[in-house]
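**Q** Single-letter residue listing:
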Amino acid sequence: TQLLEQSPQFLSIQEGENLTVYCNSSSVFSSLQWYRQEPGEGPVLLVTVVTGGEVKKLKRLTFQFGDARKDSSLHITAAQPGDTGLYLCAVPIGSNFGNEKLTFGTGTRLTIIP
Amino acid sequence: SAVISQKPSRDICQRGTSLTIQCQVDSQVTMMFWYRQQPGQSLTLIATANQGSEATYESGFVIDKFPISRPNLTFSTLTVSNMSPEDSSIYLCSVGQTRYGYTFGSGTRLTVV
Chain D
967 TQLLEQSPQF LSIQEGENLT VYCNSSSVFS SLQWYRQEPG EGPVLLVTVV TGGEVKKLKR
1027 LTFQFGDARK DSSLHITAAQ PGDTGLYLCA VPIGSNFGNE KLTFGTGTRL TIIP
Chain G
922 SAVISQKPSR DICQRGTSLT IQCQVDSQVT MMFWYRQQPG QSLTLIATAN QGSEATYESG
982 FVIDKFPISR PNLTFSTLTV SNMSPEDSSI YLCSVGQTRY GYTFGSGTRL TVV
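Just so you know, the protein sequences line up as chains D and G, in that order. Per the numbering used here, the very first residue in the first sequence carries number 967; after that it's consecutive. Per the numbering used here, the very first residue in the second sequence carries number 922; after that it's consecutive.
Just to be clear, a hint being listed does not mean it is correct.
Said to hold, decoys possible - Label-pair ranges, simulated between beta-carbon atoms: (1) S978(D) to S1027(G): 19 to 27 Å; (2) R1020(G) to P1047(D): 15 to 23 Å; (3) R936(G) to T1028(D): 42 to 50 Å; (4) L994(G) to I1059(D): 39 to 47 Å; (5) I1079(D) to Y1021(G): 17 to 25 Å; (6) T1077(D) to D932(G): 22 to 30 Å; (7) S926(G) to N1062(D): 40 to 48 Å; (8) K986(G) to E1004(D): 41 to 49 Å; (9) K1023(D) to S974(G): 36 to 44 Å; (10) D985(G) to N1062(D): 39 to 47 Å; (11) I1059(D) to F996(G): 24 to 32 Å; (12) I1059(D) to D932(G): 25 to 33 Å; (13) R931(G) to T1077(D): 20 to 28 Å.
Honestly, the hints are just simulated from the structure, not real lab data. Computed from a prediction, not measured in an experiment: that's the story for all the values here. Ideal placement from N, C-alpha and C gives every residue a C-beta, glycine not left out.
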């Protein structure tokens, strides 16, 4: 059983449409990160959310951390081809405070069709 | 944030051989992390490498198969030993801290034939 389940697994939509990606767990986390990975590259950090109910915006991307800190969502407004990629949520796990290892979600592969 | 140089970027290897992947960081870091990304999948942590001590491996990964070196605070290697086609994956190194986020190398795409 995966610690972090993402949905949908695959999403293909037309340019200009809106979409939401979900990251769910039954565990409570101190923080959660979202990354985007493009082909041939490593994941790149988009945002870190820390407080339950927190909302962060990054241009057309809106990230929300659930009130109970068990889940998170990523909403993209007016999607563009440059948004295409693998979106990954991740949480720090471990007792080495500040240097925890990351556990990744199952991933959502997003394709924006021009 | 740190900049990581990872090499090789890709390789095609014969089964039964070994490949060593290198990661060089532009600043000193306490811990380095090695991940595997199987085709079409998410990232799975292989091990955590601390300078001056043996790496700590995750369940399902063993030192004989994935030996790791960490000779100083800016460099680490991961070796994939006695390779089989099932080892075909992308291997990535990473550094960082929870507070600031993690930086990843661009990955090594390994194909075993």
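**Q** Work down the list of hints and note, for each, if the structure agrees.
**A** We went through each hint and held it up to the structure:
1. Checked against the hint of 19 to 27 Å, the C-beta distance between S978(D) and S1027(G) comes to roughly 25 Å, which is consistent with it.
2. Evaluation of the 15 to 23 Å hint for R1020(G) and P1047(D) yields a failure: the beta carbon distance comes to about 33 Å.
3. As the Cβ distance of R936(G) to T1028(D) is approximately 47 Å, the hint placing it in 42 to 50 Å holds.
4. The given range of 39 to 47 Å is broken by L994(G) and I1059(D), whose C-beta atoms sit roughly 23 Å from each other.
5. Between I1079(D) and Y1021(G), the C-beta spacing of about 35 Å breaks the proposed range 17 to 25 Å.
6. A C-beta distance of roughly 28 Å is found between T1077(D) and D932(G), which places it inside the suggested range of 22 to 30 Å.
7. Judged by the Cβ atoms, the range 40 to 48 Å given for S926(G) and N1062(D) is violated: they are separated by roughly 25 Å.
8. For K986(G) paired with E1004(D), a C-beta distance near 29 Å fails the hint of 41 to 49 Å.
9. Our hint of 36 to 44 Å for K1023(D) and S974(G) holds, since their Cβ atoms are close to 41 Å apart.
10. For the pair D985(G) and N1062(D), the beta carbons lie near 25 Å from each other, so the given range of 39 to 47 Å is not met.
11. Distance hint check: the CB atoms of I1059(D) and F996(G) are about 25 Å apart, consistent with the given range 24 to 32 Å.
12. Take I1059(D) and D932(G): their Cβ atoms lie about 30 Å apart, and the range 25 to 33 Å holds.
13. At about 23 Å, the beta-carbon gap between R931(G) and T1077(D) stays in the expected band of 20 to 28 Å.
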